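**Student:** When you get a sec, could you build the whole thing from the sequences and use the hints?
Chain by chain, the residues run as shown.
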Amino acid sequence: MIKPLRKRHVQIWCTLAVLIPLGIISAWLVVPAPVKERLLNPAPSRAFPLLIKSVSKDAYTVSLRRMEDSSALQLEWINHSALTAPSAIIYEIWPQKGINGVDGAALIGRIDAQGTYHFSLEKDSSNIHAGFILYDIIHHREIDRINF
Amino acid sequence: MSVSYQAVGWNRQKKIYDRIVFGFCILYIIIFAGITLLVNPDVTFETLLIRSTSTLAVILLTIILSIGPLCRLNPRFLPLLYNRRHLGVTMFSIALIHGAFGLLQFHSLGNTNPLNSLFTSNTNYGSLADFPFQALGFFALIILALMAITSHDFWLHNLSPKIWKTLHMFVYLAYFLIIMHVMLGVIQYETNPLFVLILIIGSFTIITLHVAAGTRELRKDNIKYGLEKQGFVKVCEVEDIRDNRAKIFCPRDERIAIFKTEGRLFAIHNVCKHQNGPLGEGRILDGCITCPWHGYQYLPKNGQSPPPFKEKVSTYDIRLNGKEVWLNPTPYPEGTERPGVAI
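Quick mapping for you: the protein sequence lines, in order, are chains Z and X. Number 148 marks the last residue of the first sequence (our numbering); no jumps. Number 343 marks the last residue of the second sequence (our numbering); no jumps.
Please keep in mind that the hints were generated in silico from the structure rather than gathered at the bench. A couple of the hints might just be wrong.
[Said to hold, decoys possible] Okay, derived cross-link-like pairs now, DSS-like style, lysine-lysine, Cα gap no bigger than 30 angstroms in a straight line:
no., chain 1, residue 1, chain 2, residue 2
1, Z, LYS3, X, LYS247
2, X, LYS229, X, LYS162
3, X, LYS312, Z, LYS7
4, X, LYS220, Z, LYS53
5, X, LYS220, Z, LYS3
6, X, LYS165, X, LYS312
7, Z, LYS97, X, LYS162
8, X, LYS15, Z, LYS3
9, X, LYS301, X, LYS323
Please read all numbers here as calculations on a predicted model, not as lab measurements.
**Tutor:** Written as structure tokens, this is what we have:
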């Protein structure tokens, strides 16, 4: 390597030594916290015994379930086939409270392939789990809306 | 070295190198697929392929970018450098599979052209959180493609070493784009901290190696040679140079290698014409100075490659004052025969 090239290499890597950590930290800081916290929590692996409500569509069946003593609620999402959007997120909405879109909605979890998914829901004594939005996080668009 | 261009100038070492690389890639994909299927049996083939190829490409790029500084810090890593281009082309092929399946999975199911969809489905360029990270990966892939296409010596000679080297230094930009592609993409919704850890450890290692090797090399360039008589500077003692080896000095602008062979000392420009390899770190094989990077050869007395090859480098005058070696850093035109000095 010639001397100017050696110098340029050092200059480039000194710049990258600043830019790369800066980029990693900046990107890490904007990771959506609810997603991280929610998805790090292991989802319940078995369906709760009592079925409350169920909605069937061509691609999936979505059910609300609860424990016998009503101590916990669960969303069961059975994907019959792979979604066309590979990474979709489920949000819970409350139209009665004026929350109709993803803004203000509660993040429930992510689905990305054929199979059965179980998500814990916040125990809600007023029992107004009215609906869910399936949201494409890559293209930022609503895929479907499940109303019970 | 070769007088004519071949697709690949195969030899035993290259075959062994490529078999190890190929074996590693296959083994990695099998292990990755096995673990993923155990943890998430419902994963689709496309997702599995996208994820395994992405992680494999990042690991290979980390290795590739580490080879250069590792060789500067320790010559024992030189065998890795010898066939680094094959490793680079392999890494690009794997990244291309990742890119192609990503495009297929994320952008081919709509009524928009997939490439058009890549740039128009998300236009939040002003937002870091929602930044269209796939575009970063696309541009990195373009850089890697240009590098893979021009990796052959044919392009090195036809583009000129200066343009070729400049083009290939864009790999550093590609690396930065890839880091941000991962950080603004999968890391934004990936639960497993392992991905971030691998990325941080990898980039920290590469940065440390490059900065350490670079500063060490600059220090060597800045060594001051005090004594100067009639254009000659004192550089070392005869015993400091091993037989059929060289010592490298940088008394002025460029490095000069002084070789000791068959009872004489010869000085030539340290930079190989092929890919700027450090000739002074090579040795004399079959009477020729042999570049440690890719085996290009030069005669010690005139800096010319033996016929039919046409590469040549500058030569320099040396004097002996007792045991002291004195070097004149003014170069002779490339290929000029100099008698060297008898020990």
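**Student:** So, for every hint listed, does it hold in this structure?
**Tutor:** Quick rundown of the hints versus the structure:
no.: 1; hint: LYS3/Z - LYS247/X; verdict: holds, 17 angstroms
no.: 2; hint: LYS229/X - LYS162/X; verdict: violated, 35 angstroms
no.: 3; hint: LYS312/X - LYS7/Z; verdict: holds, 24 angstroms
no.: 4; hint: LYS220/X - LYS53/Z; verdict: violated, 75 angstroms
no.: 5; hint: LYS220/X - LYS3/Z; verdict: holds, 11 angstroms
no.: 6; hint: LYS165/X - LYS312/X; verdict: holds, 19 angstroms
no.: 7; hint: LYS97/Z - LYS162/X; verdict: violated, 66 angstroms
no.: 8; hint: LYS15/X - LYS3/Z; verdict: violated, 33 angstroms
no.: 9; hint: LYS301/X - LYS323/X; verdict: holds, 21 angstroms
Of the numbered hints listed earlier, those contradicted by the structure are 2, 4, 7 and 8.
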